[in-house]
Amino acid sequence: MLSMALRTFRRDWNAGEVKVLLFALTIAVMAMVAIGSITDRVHRAMGEQSSEFLGADYTFESPRPIDNALVERGLNDGLEITRSQSFATVLSRGDNFQLVSVRALGGKFPLKGTIEIAEKPFAQGVVQQAQPKAGTIWLEPRILGVLDVEVGDTIDFGAIQLTVDGVIVAAPGQASEVFNVAPKVLINLDDVQKANIIQEGSRLEHILFIAGDPAKREPYIQWLKSEKNPSQKITGGKEGTPALKAALERAETFLRLASLISVVLAGVAIAVAAGRYSQRHFDYSAIYRCLGMQIRQVHKLYLWQLFMIGLLGSGIGLALGLGLQSLIINQFSDFLPKPMVGISLAPVLTGALSGLVVLLGFALPSFLQIAKVPPLRVLRKELLPRAMSSWMIYLLAIGVMALLMWWQSQSLLLVGILLAVAVVTYLLIRLIAWFIFKIGVWLGKRGSLPVRFGVGQLKQYPAFTISQISAFGLAFIIMLSTVLLRSELLSEWQSQLPEGAPNHFLINVQEQEVEPLENLLKESNVSTEGIYPMVRGRVVGLNDMTLEEALDENQQRVGAVRRELNLTWMANVPKANKVTQGEWWSEADVADDRAELSVGEELAERLGLEIGEVLKFSIGGLEVEGEITNLRSIQWDSFQPNFFIIFEPGGLDGFPASYITSFHLPVEDKPVLNQILRQMPTVTIIELDAIMEQVQSILDQVTMAVEFIMLFVLLAGIAVLYAVLQVSREERLLSATLLKALGARKKFIRASILAELVLLGVFSGVLGVIGGEVLVNILYSEAFDIDLVLHPWYWLWVPLISVSFIGIVGWLGLRHLLNQPAHQVLREY
Amino acid sequence: MLRTHELTKTVNSQGHDLTILSDVSLTVNEQDTVAIVGVSGSGKSTLLSLLAGLDLPSGGEVHLADEPLHQLGEDQRAAVRAQHVGFVFQSFHLLPGLSALENVMLPIELKEQDRAKERATELLAKVGLEDRLQHYPNQLSGGEQQRVAIARAFASEPKILFADEPTGNLDTKNGDKVSDLLFDLNKQLGTTLVLVTHDDRLAERCQRIVRLEGGKVVADNASEALQDQAPQEQVSQDQAAEQ
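Same order as they appear, the protein sequences are chains G and L. Sequential numbering from 1 applies to the first sequence in the numbering used here. Sequential numbering from 1 applies to the second sequence in the numbering used here.
Next comes chain G alone, as it looks inside the complex (with noise of 0.2 Å):
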């Protein structure tokens, strides 16, 4: 029987089903293997536990100094702790600088977790617990090339010289830092001290890091909470999931979504292959039983066909997508946690194992019909076995991919959530194909003969049509949000730096440097707008209430009541800046007994806020009251230091201080931030243009990364549109022919072919379009506030991108048709 079952492969392999079969199982294994692979590695080096992510199990954050006793009673609950400081400073050496986010270490580190040390950029690192001595620093790999350092050559970091001593390979980190632009440094605490790089108001977050048995542990972590202010943070347990690990998660859906819907359509094209692989072997299974095979015995050799094809296509599939995997992590290795775990069995094993479940659930229904062939079929062709209902087959099909997803992942709730969106995505898309493919078809009827004869080639099967514009429009969809989604962001971005508008931030300027700083600006040519003071406090009450009582929910989620605000005093309006209710303070009035206060007009209206109304502060530690007395629009794209809460002159006297400012900066200028660094070596720098290349450069990879699904996408469309040339093949021969016989040239059919295919390529091509506006328009809305912006260049690039395409592809499979001689329209069909 086997051999008989190769010989039936082989001879199969020559008509073309076996291989669309083969085609569309690969797409589908492979989409599977390197999203489940990259998905599954991402997870895992983030660390299965959020306790190795932070480097502990819990971390306390604060924006002040953080109380001795605090520490001091978890050490004596026998506790570990680690004292560390995070901020942001420009390390230099000679000419060159790098905005670093430095860690300074008071002990070992990370309690949970380990660092990975090594002696030079991209070697191989030495695990350890420890922390820099002091007089050292450990760098990412990235900074000793900008910076042009080596291990053992000393940097500039603020008052004092750093030797680096080794080369960050892996560390834990929190969770914003994985995406985080700035690279990471770590130092030892006693050196924070020594650089004098910290004066008061300074921004930097003071952390404890936080381990040890739960049992100890857990009750020190609720009396931290019930001792902590509201501008402390906790992170760790179980409720602390990182923002970035969300938003990583809400990424691997979307991977998946997508990887899911490419198996489906690959699905949808084997299973096309396979009915048309089924009727073809109809009289091949009719003879047979007429030579005595019993029906045990035809299903045998049926289901061997199915067995090969399923291990060769799992196998090439699985090969494919080991390689593409290994390829995109490679290309993000710099924004992906460190260090990167290597490939797990399980997400491959289900890859391939998917595969044959896909090839199963579409082709088997399929390929167990031949068996049932009434042997009499060879006497009357007309005998069909009795077909099953496609319905079944694709809820036999949705099933056993709902299975395989429940092993993968063990959540009923999230098979039951993915597959509900995959299936509503996919009926929503199928159902505006069927919209346009009837509009098309009304429109192409009163075309010219070749685009009527096109027209009647995709009426001639309305479900296969639709399932190619479905496979190909979605395909674009992606493609047509990415490069708007980008692209907008981008000219977003790009719009608010007007020529000269100011590209760097000074922060952390101390009071004593101010004139110095304004001088050293002067005497270089570079204009401000000013420097303004900046004092961190949180609002925390309004008219004698607490924010619970004054604020619903809803107002209570607004960023700005939640967070530390930088709260500025200015004896003017600012120049981006305009009062639309009440009035501004005259220099007159100032210094009474309430401070008076200016507030941005969209932050009062989200919280409900009236002129007279009394805000609390909170400022290290002590309350400050104000009364809004008038409110402003803020033109926060100006790229001036904005504030959402401005108080009167003296309304902030005796509150630490530290002031910024902004001004422009062409590249050619760029020593006089050596000279400033030089003479305050507190003062951070922030170079928006450098930022702004990362983000660009950060921006481009994540696009590539969704072309790669793309990529699936629109290889299962080919697989569709291949499958259903393969079923279409002999009544397009005849046709051909036919038309041939009677009197048409094959200029007539050529025009008719491409009259079809630009027909689908425009139908994809106005799916790709209403789709990409579609879910442009709502990210837009929902991220980022924009209206409703339409995009008419691209109404006509994807189409003719998409007739371009589909036009090349299904002309290779069509192109034949040309050469048929006419004499074979006498031959019998």
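Just so you know, the hints here were simulated from the structure itself, not pulled from any lab data. Among the hints, erroneous ones may be present.
[As the list claims (entries may be wrong)] Derived DEER-like restraints, expressed as beta-carbon distance ranges: (1) G:L327 - L:G142: 55 to 63 Å; (2) G:K747 - L:G142: 29 to 37 Å; (3) L:K173 - G:R11: 36 to 44 Å.
[Claimed, not checked] No more than 35 Å apart at the CA atoms, straight line, and that leaves these computed lysine-lysine pairs for DSBU-like: (4) L:K187 - L:K159; (5) L:K117 - G:K225; (6) G:K194 - G:K120; (7) L:K216 - G:K746; (8) L:K216 - G:K459; (9) L:K173 - L:K216; (10) G:K445 - L:K111; (11) G:K445 - L:K177; (12) L:K159 - G:K445; (13) L:K111 - G:K459; (14) G:K108 - G:K19; (15) L:K111 - G:K747; (16) L:K173 - G:K459; (17) L:K173 - G:K746; (18) L:K117 - G:K746.
[Said to hold, decoys possible] Which bits of chain G does chain L cover? Going by a derived footprint, with three or more residues having C-beta under 8 Å, they are: (19) 443–454; (20) 727–738; (21) 742–752; (22) 818–826.
The C-beta atom is built at its ideal place from N, Cα and C for all residues, glycine as well.
Chain L: place on chain G using the hints.
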């Protein structure tokens, strides 16, 4: 109308030259009805495809409506067919994506004549399918499909009509109906008819029967037929009596 001179077709099959047709010389005059008969493999279909310019001969000449088909390229032969030729096939060969009306309109449009829709509608009415205009082939019975095919064959008002086993896929009743239509329309429109068939009854309705055997013409009753057209009339009357 149609003239061949020493028409020969050989094909190369697995290294051997195989002669399918040799030295066939025929002349068919306008409005003649000719049946080409012979057993399976005698070369009937090959002869038909050469006469209609669907294929090129290996040797000899074939002239259709004064056009030397054996010297023309594929597209030129297609143009000749569009201008002068109609077809009826054993398997009907309607285009599945087009409705009955569109199928019949097709040759008129290929010939770039006007009033395609009106004329196609008229013809479909003549074959008794005026209420099936918008049906697709798969919604029609075999007999109905062949009637559409006949309407299509006459649609472009061809000078000559080639029919390949036009009743081969039909039961006796439908076959008779279709052959009646074929001959009636042929007579009405004064078309030349060349048909290939196994069916003796159908062949006998033609004025002339050409018998092929092993690629050669072994019998041709051209002279008798030309002398006396009575037998054909006789058969028609006999059939009318049967119905």
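- Okay, which hints does this one fail, numbers in order? Result: hints 5, 8, 14 and 17 break, sorted rising.
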